[in-house]
Structure formats: structure tokens, C-alpha cells
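**Student:** With the sequences and hints as input, model every part of the structure.
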Amino acid sequence: MDTQELKERIILEEKIRTVLEELGMHSIKEHSDYFTCGMPDGDNKRSTVIYKNNLYVDAHTRNIRDQYGVSDIISLVTFVRGTYFSESVKWLCDLCGFDYYGNQQEQSKLAKWVRDMWKSSSELQEDEDKPLEPIDESILNYFGRYANPLFYKDGISYETQWEFHLGYDLAFHMITIPIYDELNSLVGVKGRLYKEVIEEHESKYFYIHPCSKSKILYGLHKTMPYIKEKNEVIVCESEKGVLQLWSMGVKNAVAISGHILSKTQVQKLTHLNVPIVIAYDQGAELDKEGKVDKNFYRGEFAKFLPQQELYCVYDKGGKILNPKESPMDDPNKWEVLYANKIRIR
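Numbered per our numbering, the sequence shown spans residues 59 to 403.
Hints were generated in silico from the structure; no laboratory data involved. Be a bit skeptical, because a hint or two may be false.
Here are the simulated lysine to aspartate or glutamate pairs, EDC-like style, with alpha carbons at most 20 Å apart [unchecked claim]: (1) Lys286 - Glu367; (2) Lys73 - Asp91; (3) Lys110 - Asp91; (4) Lys262 - Asp212; (5) Lys148 - Glu191; (6) Lys65 - Glu79; (7) Lys103 - Glu79; (8) Lys211 - Glu195; (9) Lys87 - Glu72.
Estimated spans, in silico, between C-beta atoms of each pair [what the hints assert, rightly or not]: (10) Glu72 - Asp157: 14 to 20 Å; (11) Ala229 - Pro192: 20 to 26 Å; (12) Lys110 - Leu208: 54 to 60 Å; (13) His259 - Gly160: 37 to 43 Å; (14) Glu79 - Gly160: 23 to 29 Å; (15) Asp212 - Asp91: 55 to 61 Å; (16) Thr76 - Asp101: 19 to 25 Å; (17) Asn380 - Lys262: 17 to 23 Å; (18) Phe230 - Pro207: 16 to 22 Å; (19) Asp157 - Asn380: 31 to 37 Å; (20) Val128 - Asp152: 18 to 24 Å; (21) Glu72 - Pro98: 18 to 24 Å; (22) Phe230 - Ala360: 37 to 43 Å; (23) Cys154 - Ile256: 46 to 52 Å.
On a predicted model such as this, the values are computed, not experimentally measured, just so you know. Cβ atoms here follow ideal geometry from the backbone N, Cα and C, with glycine treated the same way.
**Tutor:** What follows is the structure, encoded as C-alpha cells:
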């Protein structure tokens, strides 16, 4: 559910008190334009103010602002419950009886304006507009749960393949890769043609059960604890990169399933509140001064907040990686590339 729609529905259906009570806020008192209350572990009865018209939260004694500087009812939930942004949104939806994955209602003018401001390409926007929809996990029974020697040769251990529920589609002769969102809901199934040599007319990858890939950070449902533990997230292009790194024991990675970060993926990475390491298949180009070109990958780095700690894995001069080789294909090369990652800011 769009966060703007969520807040609008909380306001219209008068769910503010319900949210505050369920959070454990105390001394809740309603005024004409706002609510006052105290934090669950605080003594001040008026330390927190929630405004009715926009759900802005003024927390006098705590800094509840998220990475974007937002202080609203979602950031309040995140602060009090210690949850990830998406988990906070899902919690609010469940509490208020809204469908987290449901089709959005007609957007407000403000929500539409914000969405239009983020348009970067028609293809990305079209995918962004598609809601995520969970699918029945029983579908995975059709594909089974099998490890395969093709991925094993590419550095993905049999144990990793089993851990990530890889299977096989007999009809299309494809390795199946279940796609989960960060809330551990199955939202799609991607297939990889079971051939080492792919003909020009063939598609190497194909979505057997399509999903809005621009809204997914592949692997986050498993790698979240390790991202928090390492205080860092590594961003790969493909699902395969996450699986290869996991096989090496590097478990704090996600994939964007493409070459360009979407607005939603940038937001989800930012809300992790950890340093970000971009590790795309092609190393970053350096300018004459040895600094990373800010125009690289159509301004990928510029999509993040100025205060975001950001790094890039690169192959300076193309001396390490072979053509079409990703940084994760060879464990030894990965160690060298990662050790020499460059800080963007």
C-alpha cells in the first residue's frame, strides 16, 4: 500500500487513537487538531504530539526521524517497535484492517504529484505502478526443491540453492528462483534456462510468475539480520550475485534484478540505515583524477541522500575481471575488489 494512501485512510477512518494505544503510548489525550501522549518508556505525558490532518509527529524527547528526515506515524511505529520501514507499514495495515498488498484506491493529488516527480523512465514507472501481489506458496510444490550442477559450476553451493528454495520447471526446462519480498511473502518465480550456451533467439531469464521487480530487493527476507550485524548492505544486479556471495559466507547482500535502481529500491536501501556498497557487474569508471564518475550508471549514486554513506566495488582499468564477468563470479577476485572498494561519499 502506498504510504500516502495509508496515512489518508488512518486519518479518514479515525484510527490514530487505535495506533497509539496498540503502540503502548500512555496518557493519550485528544485535542481539536492533535493528540498528545507519552512514550511507552517515558514519564512525560505530553512528550509526543500527533497532528490529525497529516500525521506529523513532534517527539520532544526522542529523535524518531527516519533517514529522509520524516517524522510521522510510520517513523513513530518504526522507533517504538524497532521494525524495518516495510514491517512498520504492514503492522499499521494489519492493525487498521487494511490490505497491505491490495490494489490502491484512487490517489490523492499530493500522492500523484510525488509519484510523478520520481518518474525516470517509462519502463521503470510502469513497473513501479504495479502492486506486489503474494502468490500461494503451494505453487513451489510443482517445481520441487532441487539443486543443480549448472549453478554449482557458477559458484553457488548446493546448500545455498537448497536454502533459497531453488527448483526446476520441467515444462520450460528452467531453474526456478522463488522471489520473496522483505516480509517473506512469495511474490514471483523467475526461471533460468537450463543451458550453458544460450542462443541469440533464446531468453536466458524469464519470469514464470511475474512480479513488480522494481519493488523488490531480492534476498532481503534472508539477509536482513546479516545486514544489521555487518552494518552494511552489498547491492548486486542479479539474484545470482546474492547466491554466489552467500555461498562464500558473505550474507549481507541484495539484488535489484536489473541495471538501474528504482525509486522504491532506493527507499528500501536507505531505510536499512547502513552504509551501501554498489557492486554491479561492470566496475565503476574513474575520471582523470581517479574519482568515481558521478554520471556512471545514469546517476545511480545521485539517487541517494547526500548524507548516505556510499561505496562502489570497481575494477580499475579492467585488470581483474574478464569481459562479462561479474565481481562475484570468482571468490578470489571478489576479495580483491571488495578490499579495494572506493568510497563515493
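**Student:** State for each hint whether it applies.
**Tutor:** Outcome of the hint check:
| no. | hint | in the structure |
| --- | --- | --- |
| 1 | Lys286 - Glu367 | holds, 15 Å |
| 2 | Lys73 - Asp91 | holds, 14 Å |
| 3 | Lys110 - Asp91 | holds, 6 Å |
| 4 | Lys262 - Asp212 | holds, 15 Å |
| 5 | Lys148 - Glu191 | holds, 14 Å |
| 6 | Lys65 - Glu79 | holds, 17 Å |
| 7 | Lys103 - Glu79 | holds, 14 Å |
| 8 | Lys211 - Glu195 | violated, 28 Å |
| 9 | Lys87 - Glu72 | holds, 14 Å |
| 10 | Glu72 - Asp157: 14 to 20 Å | holds, 19 Å |
| 11 | Ala229 - Pro192: 20 to 26 Å | holds, 23 Å |
| 12 | Lys110 - Leu208: 54 to 60 Å | holds, 57 Å |
| 13 | His259 - Gly160: 37 to 43 Å | holds, 39 Å |
| 14 | Glu79 - Gly160: 23 to 29 Å | holds, 24 Å |
| 15 | Asp212 - Asp91: 55 to 61 Å | holds, 59 Å |
| 16 | Thr76 - Asp101: 19 to 25 Å | holds, 24 Å |
| 17 | Asn380 - Lys262: 17 to 23 Å | holds, 18 Å |
| 18 | Phe230 - Pro207: 16 to 22 Å | holds, 18 Å |
| 19 | Asp157 - Asn380: 31 to 37 Å | violated, 48 Å |
| 20 | Val128 - Asp152: 18 to 24 Å | holds, 21 Å |
| 21 | Glu72 - Pro98: 18 to 24 Å | holds, 22 Å |
| 22 | Phe230 - Ala360: 37 to 43 Å | holds, 39 Å |
| 23 | Cys154 - Ile256: 46 to 52 Å | holds, 48 Å |
The structure shown violates the earlier hints numbered 8 and 19.
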